[in-house]
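Turn these sequences into a full structure, and let the hints steer you where they fit.
Protein chains in written order, with this note's numbering: chain G, 12 to 404; chain R, 12 to 404.
In short, the hints are calculated from the structure, not lab data. Accuracy of the hints is not assured; some may be wrong.
One copy or any two copies: either way a pair holds, since identical chains are not told apart in the list.
Once the Cα atoms are required to be at most 35 angstroms apart in a straight line, the calculated DSBU-like pairs of lysine-lysine come out as [to be verified]:
#, residue 1, residue 2
1, 253, 312
2, 360, 61
3, 312, 184
4, 135, 360
5, 312, 61
6, 253, 20
7, 61, 193
Protein chains: 2
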Amino acid sequence: MFSFSVTAKDHDSRARLGRIVTSHGIVDTPAFIFCATNAAVKGVTIDHVKAAGSQIILSNTYHLMLQPGSDIVRDGGGLHRLIGWDGPIFTDSGGFQIFSLGHGGVEAEIKGSKQLSGKRSLLKLTEEGACFRSYIDGTRVSLTPELAIKIQIDLGADIIVSLDECTPYHVNKLYTANSMEKSKRWATRSLNTFRQLGNGEQALLAVIQGGVYQDLRQESAQFANDSDFQGFAIGGSLGKTKDEMYRVVDITTQMLDRSKYVHLLGIGGIDDIFHGVQCGVDTFDCVTPTRIARHGAAIVKAREKPDRSKGYIDLGHARYSRDFSSISNECDCYTCRNFSRAYIHHLIKAREVLSGTLISIHNIRMMNRLMEDIREGLAHGSLEEVRRQWCEP
Amino acid sequence: MFSFSVTAKDHDSRARLGRIVTSHGIVDTPAFIFCATNAAVKGVTIDHVKAAGSQIILSNTYHLMLQPGSDIVRDGGGLHRLIGWDGPIFTDSGGFQIFSLGHGGVEAEIKGSKQLSGKRSLLKLTEEGACFRSYIDGTRVSLTPELAIKIQIDLGADIIVSLDECTPYHVNKLYTANSMEKSKRWATRSLNTFRQLGNGEQALLAVIQGGVYQDLRQESAQFANDSDFQGFAIGGSLGKTKDEMYRVVDITTQMLDRSKYVHLLGIGGIDDIFHGVQCGVDTFDCVTPTRIARHGAAIVKAREKPDRSKGYIDLGHARYSRDFSSISNECDCYTCRNFSRAYIHHLIKAREVLSGTLISIHNIRMMNRLMEDIREGLAHGSLEEVRRQWCEP
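In structure tokens, the structure reads:
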């Protein structure tokens with residue numbers, strides 16, 4: 012069971028309100044998907060993830076195929092039971108991790124596996140698939156489009172993604188074009204496997220590749236539009252700069268079948284989310300909310316920031332040592348209802364991992380509040396006002 | 012407001028049921044006190060500490076005087092508000108940390124500050140007090156009996172402890188005797204400061220010193236009995252072996268005024284708790300439940316252990332990789348209600364700190380269950396049966 016429907020459209024942009032229905036519940040879009048890379052939202056018990064208003068989480072095929080292995084997840088009743096999360100789950104295909112790492116580009120900071128930084132793990136890339144070195148024990152591991160789908164079906168995720176080669180920005184157009192063509196063939200193989208093995212409960216997304224090249228994005232989008240995918244995930248290189256990223260998202264979203272669901276892979280900046288929403292993106296995922304939390308950074312609206320240049324406040328800063336107010340006086344999260352900035356500052360200084368937990372809970376709530384405000388803005392034709400509240404001091 | 016009353020006595024031992032009343036609530040004894048060394052139960056949000064049935068937590072003067080400083084805690088409304096814990100709080104005096112470290116003995120593994128292991132931090136010990144090196148920034152810090160009390164009053168704990176010199180096992184009897192005499196003089200100064208600065212809401216405990224020497228323990232206990240403390244904390248060296256520890260606890264508890272509250276500092280083994288309870292100890296504290304959890308060890312009753320020699324199961328062991336049962340099928344904790352051994356094993360292998368959090372929640376619940384069972388056993392004259400259930404395979 013999967014369906015996506017657009018329930019309202021913005022007048023001033025391609026933004027839209029939507030609803031994803033899965034066998035594990037509903038996702039009101041635009042929505043943010045929280046990363047549970049290793050089947051865990053880092054440092055946060057799942058009851059707190061839920062209490063913070065989260066609708067959907069994402070786990071990584073790359074990580075879970077290596078540890079614990081998809082067979083163990085399947086035998087234990089699937090990812091939902093393992094994690095103790097009864098809502099919708101999104102899994103990626105593993106392509107991003109294998110290739111961003113293999114190419115050794117700027118995207119080499121692999122989500123959730125810092126150990127590998129700087130090392131090339133991709134051993135061999137053929138028409139058949141990819142062979143890479145496990146970041147856990149160094150063994151050779153193969154991943155094909157067929158296997159990526161089988162794994163995601165074993166995991167039991169609600170929304171899964173076809174295997175693609177994820178190209179970084181520094182390869183040339185010819186490489187990007189050949190890679191995009193290979194990703195199309197892999198997508199077809201992914202779809203065939205999905206039809207054979209799927210139980211009809213899951214949705215399969217095509218990854219839109221083509222780097223920063225409009226004609227290649229067009230070709231990738233056209234292929235995806237013409238195939239029987241339930242939606243699209245915009246992947247690959249979105250460029251070097253924010254402007255370039257905005258341009259790629261802008262042109263790519265225009266190319267896609269507007270009746271289908273659109274996910275933007277790995278983007279989670281607040282400005283970037285407003286831009287994506289205005290382009291018609293329905294869901295976003297990013298490790299940022301919990302990653303920056305572990306470094307003491309708490310998300311607040313622009314006007315609550317002492318330093319207007321950053322999207323967060325740094326609770327490790329000495330200015331918070333005697334600040335007995337909550338992180339945000341507008342926030343209703345567990346952390347803001349119970350703890351002061353001074354307490355969290357102390358926990359950071361005392362190197363208590365609880366600081367990361369408490370800020371993560373806040374940041375998750377803030378991202379959900381952001382998306383709630385965006386949906387409210389879309390419902391009332393006031394998206395731009397919502398954007399100003401969040402982004403302008 | 013503080014009172015302690017014995018509500019029932021065991022027929023076969025000196026064990027007793029009791030009730031501590033504080034302005035932040037009641038503690039039914041025998042009870043276990045969970046360590047929130049740095050004003051945080053390591054890795055666990057306080058709502059989970061509470062939901063696991065915890066009655067009382069302990070924070071450390073030594074740690075909090077250095078970070079964030081007791082003035083900040085006081086200005087923020089006290090430790091209860093800082094931590095978000097509205098139940099009773101126990102603070103120690105800082106003596107254990109300063110001296111176990113300073114003497115460089117086997118007790119040098121300081122609770123909560125591994126950084127210092129092997130280094131001597133005690134700079135100077137005089138009649139006036141102790142001067143030690145901060146483990147945070149290396150600055151010289153002084154602690155006197157008066158200051159230890161002032162800090163604990165600023166922290167706002169419900170049960171506080173007089174400053175003592177905590178002697179390790181390897182010093183000789185003469186040193187231990189002189190030290191015990193100094194601790195008596197420090198206890199008198201602590202009591203005087205407590206009378207001056209206290210608001211009548213807190214209880215002050217005397218630390219019983221004297222090492223493994225019966226006559227010195229007797230002298231220390233006699234002094235404490237004759238003074239106006241609300242209770243006793245048995246501290247100092249309890250010996251090299253478990254037998255010696257049992258002997259010291261046994262003789263010391265016999266020396267104390269039976270109408271007053273007795274705490275045994277730093278002991279948390281399940282066998283040891285049963286022994287202490289049988290000697291008449293009312294409360295225990297130890298970092299063990301959360302410390303072993305961070306290393307993958309989950310507390311279970313003896314018959315649930317595959318390896319009868321240990322007091323826990325090691326969830327990092329490969330035997331749990333496909334074990335989809337809960338840690339304990341008798342446990343009602345958040346972790347056991349929601350997650351499998353296989354999931355926690357996976358989290359350990361994936362180095363997710365959530366493994367420590369989930370096992371800590373379980374271990375906290377188990378320690379509370381242990382104490383609930385002990386109280387139940389005392390109420391029904393079946394303490395020995397309870398002990399067998401917990402300790403014998």
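Legend entry - Intra/inter-copy verdict for residue 312 and residue 61 if alpha-carbon distance must be at most 35 angstroms: Both: 22 angstroms inside a chain and 32 angstroms across chains, each within 35 angstroms.
Inset, instruction - Pop the pair residue 253 and residue 312 into one bin, within, between, both or neither, using alpha-carbon distances up to 35 angstroms. - result: The answer is within: 20 angstroms in one copy meets 35 angstroms, while 57 angstroms across copies does not.
Inset, instruction - Can you give me the call for residue 61 and residue 193, within, between, both or neither, at a CA distance of at most 35 angstroms? - result: So residue 61 and residue 193 fail the 35 angstroms test inside a copy (39 angstroms) and across (55 angstroms) alike.
Inset, instruction - Evaluate residue 253 and residue 20 at a C-alpha cut-off of 35 angstroms and name the case that applies: within, between, both or neither. - result: Within. Shortest intra-copy distance 26 angstroms satisfies the 35 angstroms Cα cut-off; inter-copy 73 angstroms does not.
Inset, instruction - Go through the copies and call it for residue 360 and residue 61: within, between, both or neither, with a Cα cutoff of 35 angstroms. - result: both (28 angstroms within a copy, 25 angstroms between copies)
Inset, instruction - At 35 angstroms max between alpha carbons, let me know whether residue 312 reaches residue 184 within a copy, between copies, both or neither. - result: So residue 312 and residue 184 fail the 35 angstroms test inside a copy (39 angstroms) and across (64 angstroms) alike.
Legend entry - Identical-chain pair category, residue 135 with residue 360, by Cα at 35 angstroms: between (45 angstroms within a copy, 27 angstroms between copies)
In summary, the numbered hints that this structure violates are 3, 7.
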